[in-house]
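First to last, the sequence lines map onto chains A, B and C.
Residues in the first sequence are numbered consecutively from 1, following our numbering.
Residues in the second sequence are numbered consecutively from 1, following our numbering.
Residues in the third sequence are numbered consecutively from 1, following our numbering.
The reader is advised that the hints may include incorrect statements.
Stated by the list, open to error - Selected chain C positions facing chain B (Cβ under 8 Å, derived; list incomplete):
# : residue
1 : 29
2 : 31
3 : 55
4 : 58
5 : 60
6 : 90
7 : 92
It is worth saying that the hints were derived from the structure and are not from the lab.
C-beta: ideal position from N, C-alpha, C; glycine also.
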Amino acid sequence: MNFLYALDLVGTFVFALSGVLTASEKKFDVFGAAVIAFVTAIGGGTLRDMLIGDTPVGWMRDMNVLGVIGLAVVLGILFRRGIIRLRNTLFLFDSVGIGVFTVLGVQKALSFHLGGVVAVMMGTLSAVFVGVIRDILTNETPLIFRREIYATPCILGGSLYFLLMHLARPNLWLALGPALLITGVRLLAVKRHWALPRVH
Amino acid sequence: MNFLYALDLVGTFVFALSGVLTASEKKFDVFGAAVIAFVTAIGGGTLRDMLIGDTPVGWMRDMNVLGVIGLAVVLGILFRRGIIRLRNTLFLFDSVGIGVFTVLGVQKALSFHLGGVVAVMMGTLSAVFVGVIRDILTNETPLIFRREIYATPCILGGSLYFLLMHLARPNLWLALGPALLITGVRLLAVKRHWALPRVH
Amino acid sequence: MNFLYALDLVGTFVFALSGVLTASEKKFDVFGAAVIAFVTAIGGGTLRDMLIGDTPVGWMRDMNVLGVIGLAVVLGILFRRGIIRLRNTLFLFDSVGIGVFTVLGVQKALSFHLGGVVAVMMGTLSAVFVGVIRDILTNETPLIFRREIYATPCILGGSLYFLLMHLARPNLWLALGPALLITGVRLLAVKRHWALPRVH
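Just chain A, with the same shape it has in the complex (with noise of 0.2 Å):
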């Protein structure tokens, strides 16, 4: 499982880079700006840990992840114009990372003997309440609930990975194939706006 923690900080890296890049467009000071980063890139991981019980919280106790912030947080305000132009790579990146969490989310719900249902919903918390969170934080009505589909990505590779492991034996594809589905489809959706039907 070392690729996937690989992908695990590379997501955490990228979030926490499209945190200070929202932070900035609204002239928030660098305090702030490490903040909005942080919370963007553990938040949906920290509300997964504190809802399933597994505390202190992840990345309490795994110092990479705070170097990978801080490093985030530091080329995020020094090369601010040159990532900007970087859009498209960062979005790749992002699917990526959201595949990531996704997969890695559902994985530590069954480690604590939880439903598929429920897992399938951990791992898709734990990649887009980041969303949800920095919305919040800088006060705009949360994107997810208006944008092109954003979580059914996660729900049916989530739900995939589930099937998977009582299909297969464990290998890394199995991680790997969902996670790739969730980024694939995501790509596509946002390319050709697919979008869910309104309520009303």
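With the hints as your guide, set chains B and C onto chain A.
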């Protein structure tokens, strides 16, 4: 306590339904509506469980809760117009739900050996936090701070339940009486526009 | 540590009072004011305890905290005008409270065997999250992201406390020195309008 448990599920159903209606007023998509419904239905109890340390939180261990919420989302989206016409009936069930949630919240806190004041707070929180989260997610100033007395009946009924627990032998009416009191006071409060004095 | 505990209660009292004043500016009713006061006074420590896994969270097990908050609500509502005239004195106590909350937060995190960086974060969170929740509940962009340096003194003082814990033998000044440093830097920062650079 099977009767209370049934009322608990009814309350969950009605709260989820009210979440769907709020979401549809805000033109959220289907997924957003499901999230709001879910959060509205389980938010208060979830925060209570996290504060007390009863994790994994309640709904993760009871598939009936998830089932009831799912049903509310489907029915809420399919029969939106019809349900809006039923608003008065819904409000009745909503008030029943608040009464039951309060009593069950007090009960749980006491089972964790917490004091009476804290138990009444946890009961009230279980019942009313729901509205606070829903309003934060949809970016409004929480109604609880602006409207007719909303939490006061819960505090009264919760305290009564706590007292009865020390005075009488356990029986169904011990829980049902205070729950009905909360429902009754709330219905009266809204009908007669009772309000607490403002601070100024 | 009885002196620190007394200061802790003073900080709680002042934070609760500031919550009442905020609520009265927003024309909340009496109950809303009590809720805001309560959340402002215990919010930071509560989140800290949930993240660390020290549940039931602190104030549930210490009736003094609830008593002090209740007192602040009653006095805040009765003597509102007089208290507003005392704003400068209040700000002094508020700064003392932030210093004490930071040190106590670091202390608790260390007692759970967490690392230094995490402990300083938990101390800072205990002290400043308060304002974030209050602003979210009243639907404002959290001041912490816009104002004079707010968390920086906590980070400095918290780190100093952590270092002293490793260098000196335990004594009252070990905790009191960093707490006073935080209070002092904060008072100076506000008086001279120190601000962190913005990101742009």
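Taking the earlier hints as the rules, which of them does this structure contradict? Of the numbered hints given earlier, those the structure breaks are 4, 6 and 7, listed in rising order.
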